[in-house]
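Colleague: Chains as they are written, first to last, in this note's numbering: chain F, 1 to 516; chain C, 1 to 488; chain Y, 1 to 267; chain V, 1 to 314.
These are calculated hints, taken from the structure and not from any lab test.
Hints may contain errors.
Derived list of chain Y stretches under chain C, where covered just means 3 residues or more per stretch with a C-beta under 8 Å from a C-beta of chain C [claimed, not checked]: (1) 57 to 67; (2) 113 to 123.
Straight line, CA to CA, 20 Å or less: simulated EDC-like cross-link-like pairs of lysine to aspartate or glutamate [what the hints assert, rightly or not]: (3) V:K229 - V:E219; (4) V:K229 - F:E108; (5) V:K229 - F:D509; (6) V:K229 - V:E268; (7) Y:K2 - Y:D255; (8) Y:K2 - Y:D251.
A partial selection of chain V residues facing chain Y, derived with a Cβ cut-off under 10 Å [as the list claims (entries may be wrong)]: (9) L9; (10) L11; (11) A12; (12) I22; (13) V29; (14) P119; (15) A123; (16) Y126; (17) P147; (18) L153; (19) I246; (20) S250.
For clarity, every value in this text was computed on a predicted model and none was experimentally measured.
No residue lacks a Cβ here, since even glycine has one placed at the ideal position from N, Cα and C.
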Amino acid sequence: MSHLTIRDLRVTFVTPTGPLAAVNGVDLDVAPGEIVALVGQSGSGKSVIAMATLRLLPANATVEGQIQLDGRDLGACSPAEMRQMRGADIGLIPQNPAASLTPVLSVEMQMRETLRRHGRALSDGPDLLARMGLPTRNSRRRRYPFELSGGMKQRALAALGIAGRPNLLIADEPTKGLDARLRSQIVETLATARHQDDMSMLIVTHDLDVAFALADRVIVLRNGRIVEQGRARALARAPGDPYTRALVAAQPSRMPVCSAGPRRGPPILTADAVGRRMKSGGLFARPVTAVADASLTLAQGETLGLTGPSGCGKSTLARILLGLLRPDTGTIAHDTAGPLSRHAQLLSQHPETAFDPRWRLERSVAEPFAIHRLGGPRATRAVVRPLLEALDLSPDLLRRFPRQVSGGQLQRLALVRALLVQPKVLILDEPTSMLDVLTQAQVMGAIRDLQDTRDLACLFISHDLDLAAAFSHRIAVMEDGRIVETAPSGQLRHAPQSDAARRLTEAFDAGRARVA
Amino acid sequence: ANAQTREMVMAAPRDLAPGAEDAYYVSSILYVWEPLVQFGPDGGPVPQLLSGWEMSEDATRWTFTLRDGVTWHNGDALTAEHVVGTFERIIQVSPKRSPFYSMHIDRAYPGLVAIEAQDALTFTMEFDSPRPTLPHQMVNFSSAVFHPDNFDADGNFNDLVIGTGPFRLVSHTPDQELVLERFEEYWGTPAGTERVVVRTIPDADTRAAALRAEEIVGVMDLGAMPPEQAASLAEDDRFELNAHPSSISHFLHVSGGDGPLSDMRLRQAISMAIDREAIVQLYRGFTTPTANFLNVNNPFHIDVPLVHDPEAAADLAAEVLGAERMDIRLIIPSWGVARYPYRAQAELIQFMLQPIGLDVTIQLLDRAAFNEVRQSGDYDLSLSTLGLPNADPITVFRDYFTRDGAMSVRNAIGYENPDMTALLEAALAERDLDLRAGIYADIQRLAATELPTIPLMNDTTVIVHHVDVVGYRQTIYGGTLNTAAWAD
Amino acid sequence: MKVAVTVLAAIAALCLAAPLVAPYAPDAIDMTDRLSGPSFEHWLGTDHLGRDLLSRLIWGGRSTILLALITTLATLALGLLTGALAGYFGGLVDDGIEGLVLLFQGLPGLSFMLAIAGTLGPGALSIFIAVVITSWADFARVVRAETLRLREAPWVEGLRALGAGHGRVLALHIVPNLLGPVLVLFTLRLGRIVLAIAALSFLGLGLQPPNAEWGVMINDARAYYRGAPILMLAPGLCILTVALCVNLIGDGLRDRLAEPDGREVLP
Amino acid sequence: MAAYVLRRLLLAAPVLFGATLIAFTLGVVAPGDPAAGALMQSGFDAPTQAEIAAMRTELGLDRPLPVQYVSWLGNVLTGDFGTSIYTDRSVSEEFARRLPTTLALAASALVLAILIGLPSGLAMGYWAQSFGDRAGRVVALALLSVPGFWLALMLILVFAETLRWLPTSGLGSWRHMILPALVLSTGMAALLMRLSRAVMLEALAGAHITAARARGLAEIRVVLIHALKGAAAPLITVIGGYFGAILGGSVIVEVIFAIPGIGQYAVEGIFRRDYPVIQGYVLFTAAVYVVFNLAADVACFVVNPQLRLGARVA
Ligand SMILES: Nc1ncnc2c1ncn2[C@@H]1O[C@H](COP(=O)(O)OP(=O)(O)OP(=O)(O)O)[C@@H](O)[C@H]1O
Ligand SMILES: Nc1ncnc2c1ncn2[C@@H]1O[C@H](COP(=O)(O)OP(=O)(O)OP(=O)(O)O)[C@@H](O)[C@H]1O
Ligand SMILES: [Mg+2]
Ligand SMILES: [Mg+2]
């Protein structure tokens, strides 16, 4: 008999714009000791299923269907009974580690109150934390959440999630937002926990690599419905449903490295030993060196990947190249006539904040025309139409406001706007980091197609080495504000020269290797 | 016995004991200290700490005899030396400010040459010129007597005030309350109650509420109870209302000089256009209309006819204005608004002057601005009051009716008339009191015609007390706290 | 909110059209008909000078609403200007303005309002100056914070990258985006300023007579409120109603204009 | 901690400095010549130009403004706010004498506001959109919209005059404080109600609350510890700031309830154009306000580990 049984689960949210069906009749079983992964695009209903199981959905949700744990109908339990079961029978590792620890209580305090609640010895606390890779540095010193890095928070939450020795652990995106090394660490810890405590698990993720590495069975969800399920290995090898297949193919780790070697066009944008210090915070804070002595050349028609650890100065360099920031030292040269603002365009990380929220997209998208006085509405439309078609966007989208449009669509609209003035250079600052894999693949594909037809030079900033390698001709590696190595993608991916590049690739691969 | 020891709680709008830095420490209405000379029932002077006085032939030397058997609150007997000490302190500290009357030896006793004790109970005052009305000038605050040991080197009080009155001040919490106790060795009729507490409650409505809640049993001081609230309290059987004309008069001061109202006919028109009876309504009938500059409580007051005739006023004004209308600026002081229905009064005057061709703009000014504007003459009319500092009107006559008189300057009145000047000089030179009274009457009649300032009303002070309290009545200045007693 | 808007609009329309709708002149004195209760001629009765209470309420509302509105608008304009400049340009401008804002925010507004109005003496101009001086900093702070947030917003940077000039960004993007929070602050402030004017009037620092103004009318009526409670109740209720409506509208606007991420526009 | 307090104090200094500038400016722009005013108060009915000029010299008014400011500031820094033109008494002594009364009043109002506003607001936030919540929001708005003096007169009428439960005015027992404190607290209670409701709503929406619930923790613990401990800091900050509003509001309350505090003194000063008193009032309230804001900051520092530890780490 299965441990968790869900039958015909339907969840509807009351929203200001009418009811929203998030889950539409899902059947799901988790057997004792089994790990089941729920995968699917963002918004497919994964978290809603998880929270419905715990009966912790917000008040605007209506739940229909049956959820049974060991034969007990959770829908019929009183709130007090539910509280008894939470943590003890069903544990949760919540989706959003940054916000899921109570900020004003130390991790140790939160651990102790959880242990006390479930009648466990308080002395187990340090051990639990240590098992999750959070050793007690100094037994007297409490750690508050703000002192922990994202990965440490995620591990602390994992420790708290299993503190009540639940039989079923629900882990919602346990690896999201983590870098490769941390990702592998969490996966390992969960795998160990399963064996040590004999737990069954429901893992919610959109990272197929994690799902295939960890789970016995994988369930693919789309729009609140199950499209396919099967044993992990079988599914990884031969995905049946076209949606699953697209999902698998969109994983950057499964994309081929860009094979078209470096382009030898004329240089179009050159940075020569630029440096920039930034003042931050209070009056007395010392300025930090964001970019130091960085040089790079972007040739016409090429894509140059730019990668490096967080905070190394990538975005700052991009802003300098665009002329948004003046460099303290060094020079920028561009081989274009007229203002740089017409010929170099930026596509930034957050599509949802790319447009003025109070303007209709129509007006926002056409704004470059107004700024540069390139023509009236008719001329604008003539240019916008073909771009929309090329990017597979419906023209009615233009009549909406930014918040009424999905992230992927917004990012493509931002691309339309950027391309409107026919720039020579496009700077892409993590253009897809907030998008799910399918949308990411779609946006990146669109950019590549446009580049080919328009002879565009792209600077592509990304954390994801696989993604950078798949779309860039060359990759530049940055560390502490300096460009330490620039090499063709294949070479950099497989045989990096500099220490910094080697450290970067090794860490990235280490994470992937352990998952795969 | 119970009634004897029950403390009587009263309230006043301001702190009646400004304290050690004040000229008098407490107001006279608390009966803690006593003056040499007090107001009589007709407003004239009667001896209080004195048993008699004598004027020299040339009216420059006065001999005063103190009442025998007066005891200070500290047990000492009152002597002429004490009185001389008191005057020496007045000379030392003059001018000294006080919320009641400022202490100023040159104004109260101009030309004083010497004050000397003759024996234990006799002292003399000598002046450089005749002072036939000296007792009139000594009334109340002007001749307050304090124990000379009561002062420090600067002439400030060194402890709670020591007086000779029927009450002793036993404690004082500034702006909150003061406590009086009956002084058992008082020379005259002992106070009617043993212990009185006077609370400071600035807001009139709150005072009325405190009365209704029976937290207090009576009110005192100027503006003790505004007429409207007093009338509504009097509808309640528990309270009794008592009113007495005060020495205060209400005026419509006029900025003369070369201002538009320097034309006497316009002033007369204004006076005739104003329906004083209507203004009196705002005071619930507690004031009396008057056309006389001199307050009705003054012993020299005469009746002058009061004319209210809007048509005649309009004709008179038309003589000056022709068909034109004139803009007139009426200023009112904000401190007056707290005590009198000044806003309404100003609005009413504005309304009444409209038909005679005067368009009045009202401007409410606070103290400093009001004083400044008044003095600069940058106004046409102002609502003002005047309280007589003593019983001899010559000072106020000269203050108002000569171009460089203090009040004339202060209000930029700018009135001057040779006839008036002659009368004032004659009055000063006249040593016979009856003859002087005749000249004072001429002055009043002339002022009523020429209207250097436009008199409106004689003020009345209204107090309200609980019926459990008897013997508490208002007088010209203050109430009879000394005879107030519990009903049984 | 709909009710509040309707009620407020009705009151405002009535008051602003005072010369047309008021049955009597506000300063038509009739000492023979003082303090009369409601009657057919005088729906709400007459005051202590026999003036028609209803007419004075209407005219008084005109003064109160206009004064509050003008004062709040001026405050708003000053706050908007300084806040937007500080937030958008940063640097020395910001340091200077922010210093002033911190100073004015660090001081107790009501006490200062009283001290300033008291020093300048009674009258509309003193009220205006006192309120503007003590309230602009709140607007400036909100506007500055919002502008900073907007300036840092990627889409503003994107616009700069597209080549948009400062003027365009400020006028077409920043200021319209500020309107939401500013509108909310404006309405909530308006309510407070109506009350502040009434409080100043109560202390004798109100409009000059014979202007009718609700706060002044309450103050004038204090002596008569036992005999004629309506003299005090009516303007009191008017102030309460207007302040309540304005606050309700402010609240409603706040909910309606809440950012898409659910962040409330103001605390 | 000491370093944090020191830094806050450093930030408070310019504010106080600005307050002295404003106070001084008020004295300068005030209509009326202080010299003439002082003379008239001391009994000169119509001072001559010569007397005024002498008085100007005596008061130092003939010096350039910056010099006057510096010497005035020097006096202020030594606690000498000058003497009242009207009573000739030291302004700082008068304020020192009255301040405890006003502080007691303000503190009572603060306690009442917290007792009324906080629990009801938190409850409204917890049961958001319930009937009680909706009613509470309207009540809070109504309280915000009621003119304070009007409420004061009505409360006196009902509770003191008619029911006689409480005294109308004055000082004495704690019963004297109830009505004034109640009037003074309404605005703040209403604001606190709205704020604590918003804080509660926001706190409950946090992901850490869902996480704490998912661990099976008792609801009361979730609400009181996990939600509210973190929300304490904004509440404390705001309460500290409201203290200033209460000080300003105390003026009317002190006048109506005959409470001899600094507000009453300020009103007297205003009506007598006693500008050292007005200046003193401005400075005193500014100082008290700054002190309470500082105290609130320190309290936040204590309840918020991030500030506490962040300061140590940095
Ligand atoms: N409280 C809510 N109110 C309204 N709609 C909601 C609410 N919570 C979730 N939804 C909607 O339900 C759908 C499913 O959301 P869910 O959080 O389960 O997605 P998900 O698969 O977990 O996505 P992600 O990978 O981004 O976490 C989404 O369309 C979302 O907008
Ligand atoms: N506006 C700013 N003010 C102060 N410091 C800044 C500012 N922008 C960037 N920095 C600092 O400059 C350094 C480089 O920042 P940058 O944003 O360029 O890094 P990045 O490589 O893009 O990082 P990430 O991968 O996290 O986006 C960091 O230390 C950052 O803190
Ligand atoms: Mg999710
Ligand atoms: Mg970046």
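Colleague: Please check whether L11 (chain V) passes as an interface residue: C-beta within 10 Å of a C-beta belonging to chain Y.
Modeller: OK, holds: L11 (chain V) within 10 Å of chain Y, min 8 Å.
Colleague: Taking 20 Å as the top limit, are the C-alpha atoms of K229 (chain V) and E108 (chain F) close enough?
Modeller: Holds, at about 16 Å.
Colleague: Per the CB criterion, is V29 (chain V) less than 10 Å away from chain Y?
Modeller: holds, 7 Å
Colleague: State whether the coverage of the region 57 to 67 of chain Y by chain C holds or is violated, taking the criterion as 3 or more residues with Cβ-Cβ distances under 8 Å.
Modeller: violated (count 0)
Colleague: Would the hint on A12 (chain V) be counted as holding, given a Cβ-Cβ threshold of 10 Å to chain Y?
Modeller: Nearest chain Y Cβ about 7 Å off; hint holds.
Colleague: Counting residues of the region 113 to 123 of chain Y with a beta carbon closer than 8 Å to any beta carbon of chain C, are there 3 or more?
Modeller: Contact hint for the region 113 to 123 of chain Y vs chain C: holds, 4 residues under 8 Å.
Colleague: Under 10 Å, Cβ to Cβ, is where I22 (chain V) needs to be relative to chain Y, so tell me if that hint holds or is violated.
Modeller: Nearest chain Y Cβ about 7 Å off; hint holds.
Colleague: Restraint: A123 (chain V) near chain Y, CB-CB cut 10 Å. Satisfied or not?
Modeller: Because about 19 Å separates A123 (chain V) from the closest Cβ in chain Y, which is outside the 10 Å limit, the hint is violated.
Colleague: Next pair to validate is K229 (chain V) with E219 (chain V); report whether the Cα-Cα distance is within 20 Å.
Modeller: Status holds; Cα separation ~14 Å.
Colleague: Hinted pair, alpha-carbon criterion (20 Å max): K229 (chain V), D509 (chain F). Please report holds or violated.
Modeller: Outside the cut-off at roughly 42 Å; violated.
Colleague: Against the 20 Å threshold, does the CA-CA distance of K2 (chain Y) and D255 (chain Y) hold or violate the hint?
Modeller: holds, 13 Å
Colleague: Would the hint on I246 (chain V) stand, with a C-beta cut-off of 10 Å toward chain Y?
Modeller: For I246 (chain V), the interface hint holds, since the closest Cβ of chain Y sits about 9 Å away, which is under 10 Å.
In summary, the numbered hints that this structure violates are 1, 5, 6, 9, 14, 15, 16.
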